[in-house]
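Here the protein sequences line up with chains D and X, keeping their order. Using full-length UniProt numbering, you'd call the opening residue of the first sequence number 1 and step up by one each time. Using full-length UniProt numbering, you'd call the opening residue of the second sequence number 1 and step up by one each time.
Wrong hints could be hidden among the right ones.
Said to hold, decoys possible - Listed below are several chain D residues computed to face chain X (Cβ distance under 10 Å; list not exhaustive): (1) 39; (2) 72; (3) 108; (4) 137; (5) 167; (6) 236.
If you're looking for bench data, these hints aren't it; they were derived computationally from the structure. C-beta: ideal position from N, C-alpha, C; glycine also.
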Amino acid sequence: TLAERTNLAGVRHILLVLSGKGGVGKSTLSTELALALRNAGKRVGILDVDLCGPSIPRMLRVQDSAVHQCDSGWVPVFVGQDKAIALMSIGFLLERPDDAVVWRGPKKNALIKQFVTDVAWGDLDFLIVDTPPGTSDEHISTVEALRPHQLLGAVLVTTPQAVSVGDVRRELTFCRKAGLQILGIVENMSGFVCPHCSECTNIFSKGGGEELAKHAGVPFLGCVPLDPQLSQSLEEGKDFIQEFPKSSAFPALTHIAQQILDTLQRSS
Amino acid sequence: MPQPGAVRGRRGRAGPGSEGGGSGGTVRARCGLGGRAEVAELRARLRAVRHTVLVLSGKGGVGKSTFSALLAHGLAADETKQVALLDIDICGPSIPKMMGLEGEQVHQSGSGWSPVYVEENLGVMSVGFLLSSPDDAVIWRGPKKNGLIKQFLRDVDWGEVDYLIVDTPPGTSDEHLSIVQYLSATHIDGAVIVTTPQEVSLQDVRKEINFCRKVKLPIIGVVENMSGFVCPKCKNESQIFPPTTGGAEKMCQNLSVSLLGKVPLDPQIGKSCDRGQSFLAEAPESPATLSYRNIIQRIQEYCEHHHLQEEKIIVSSVLSSDSP
Numbered sequence: 001t002l003a004e005r006t007n008l009a010g011v012r013h014i015l016l017v018l019s020g021k022g023g024v025g026k027s028t029l030s031t032e033l034a035l036a037l038r039n040a041g042k043r044v045g046i047l048d049v050d051l052c053g054p055s056i057p058r059m060l061r062v063q064d065s066a067v068h069q070c071d072s073g074w075v076p077v078f079v080g081q082d083k084a085i086a087l088m089s090i091g092f093l094l095e096r097p098d099d100a101v102v103w104r105g106p107k108k109n110a111l112i113k114q115f116v117t118d119v120a121w122g123d124l125d126f127l128i129v130d131t132p133p134g135t136s137d138e139h140i141s142t143v144e145a146l147r148p149h150q151l152l153g154a155v156l157v158t159t160p161q162a163v164s165v166g167d168v169r170r171e172l173t174f175c176r177k178a179g180l181q182i183l184g185i186v187e188n189m190s191g192f193v194c195p196h197c198s199e200c201t202n203i204f205s206k207g208g209g210e211e212l213a214k215h216a217g218v219p220f221l222g223c224v225p226l227d228p229q230l231s232q233s234l235e236e237g238k239d240f241i242q243e244f245p246k247s248s249a250f251p252a253l254t255h256i257a258q259q260i261l262d263t264l265q266r267s268s
Numbered sequence: 001m002p003q004p005g006a007v008r009g010r011r012g013r014a015g016p017g018s019e020g021g022g023s024g025g026t027v028r029a030r031c032g033l034g035g036r037a038e039v040a041e042l043r044a045r046l047r048a049v050r051h052t053v054l055v056l057s058g059k060g061g062v063g064k065s066t067f068s069a070l071l072a073h074g075l076a077a078d079e080t081k082q083v084a085l086l087d088i089d090i091c092g093p094s095i096p097k098m099m100g101l102e103g104e105q106v107h108q109s110g111s112g113w114s115p116v117y118v119e120e121n122l123g124v125m126s127v128g129f130l131l132s133s134p135d136d137a138v139i140w141r142g143p144k145k146n147g148l149i150k151q152f153l154r155d156v157d158w159g160e161v162d163y164l165i166v167d168t169p170p171g172t173s174d175e176h177l178s179i180v181q182y183l184s185a186t187h188i189d190g191a192v193i194v195t196t197p198q199e200v201s202l203q204d205v206r207k208e209i210n211f212c213r214k215v216k217l218p219i220i221g222v223v224e225n226m227s228g229f230v231c232p233k234c235k236n237e238s239q240i241f242p243p244t245t246g247g248a249e250k251m252c253q254n255l256s257v258s259l260l261g262k263v264p265l266d267p268q269i270g271k272s273c274d275r276g277q278s279f280l281a282e283a284p285e286s287p288a289t290l291s292y293r294n295i296i297q298r299i300q301e302y303c304e305h306h307h308l309q310e311e312k313i314i315v316s317s318v319l320s321s322d323s324p
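Let the sequences and hints guide you as you build the complete structure.
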């Protein structure tokens, strides 16, 4: 339809952030990646399709924002000092943040389709799509709804241990079946440096992400360490956007963003 | 089919809409528990299950499966008890790996599907056992997932079970609605809800508590996992997942639910899980083991007490009906 062509027509690249495993840091990483890409001068939007657990509004301190409509559809919420990152999440549509979205698949699918076709994104270099864990309704519907528009890239997130890697292997299969361009794997929560004595402990083991990338023949984008100060600022209303560049995770994220930019440059 | 227009049109605010709340009768009809015969079938199959505990979260990656596995091991340490662990995380089945059962397959017999046994008194069922390769993805929409969950309950020959533990995926969706609806054919003692200390988890867990209340599922209590990390070198404690809004303790106070316990981060936990071994057996001296054991005991006590209460009610109603 004309509306569909208009709303995503100005978006150059769409990146899905996937895992298969819950709690590995997809939402955190989606936000960090958006900030890193913004830092590299790109125009960025974030679409949060985790209907049961929409984390991103709170991370960017906009959980109390309302969303408005314009002629072409929903207007995203703009975040950051320069209000340069566009965000859409079901979090904005809940009357009370403790309300559970207890929906079965068909209802979720309908909302996802709406998100994709009815948000007035404008011109973006990157639209980052944060997903819930798994390979089910949200994932199938998101890919289906996005399919007519762009070549879709996928970034897979895992933590180092085998239990996570086990789920991410299945997500890789999903990506292949869905025809997504696999940009690579990120190993998150990869090591914790004790702030008191600087000893590094591999709390969630180490190396699983890199091994998986090798085994599956996909790029390994890098390791991101656990940084409790970053977790704290994500939580507390400290400005994550200000705090992020000082974090030990920042260099790793910048490097990941650069690799993604390079890959997409090479393929276009 | 839901109306997409229901979300549009109001100035940004839409109610969440629940498909799981309300009376048991409405809920049953919706999920496709096709009539009395099916209910009767499930009831018959699950008649020999004494206690059922659901392990929930809302948030992913907080340690539900780890906890379910350790709860199963902990309860099965008493050899007189028969324990069953059912993994209904269809997309991300972690239980086979954690129980050291990767690569096992399900066998059929005249009486149904056989669970895979870790010990004589500890049987496990998971979609993981139905997949032929670790790369196989289960890319199913809700209705198909529900069908498999129903099959797990109806076709698995659990036998006599003292404790049925059900491990769930994160979220509040098909799997959760379905398991509550299918198990209404029998009875659920309650739910154990797992969280980590930080607000991003608690946010989702509050929703899960709301879900439990909506579907009238009793809450046994909350477990706070990854609650602090002690550096093995300098022994100082760090809050890797800081409880900036008071952690599970404050949330439990606010919502009047029980805090069953807090479990610290121990790198050995992940290692034991990866190797399919029981962390409780491999690290008996760890503070995390002590916490887990206390929590498991509290859950046992809740179930036994509950059972006694129910028996009292049955006995007194029998007695009163006998009286002239």
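Which numbered hints fail:
Violated hints (numbers, rising): 1, 2; every other hint is consistent with the structure.
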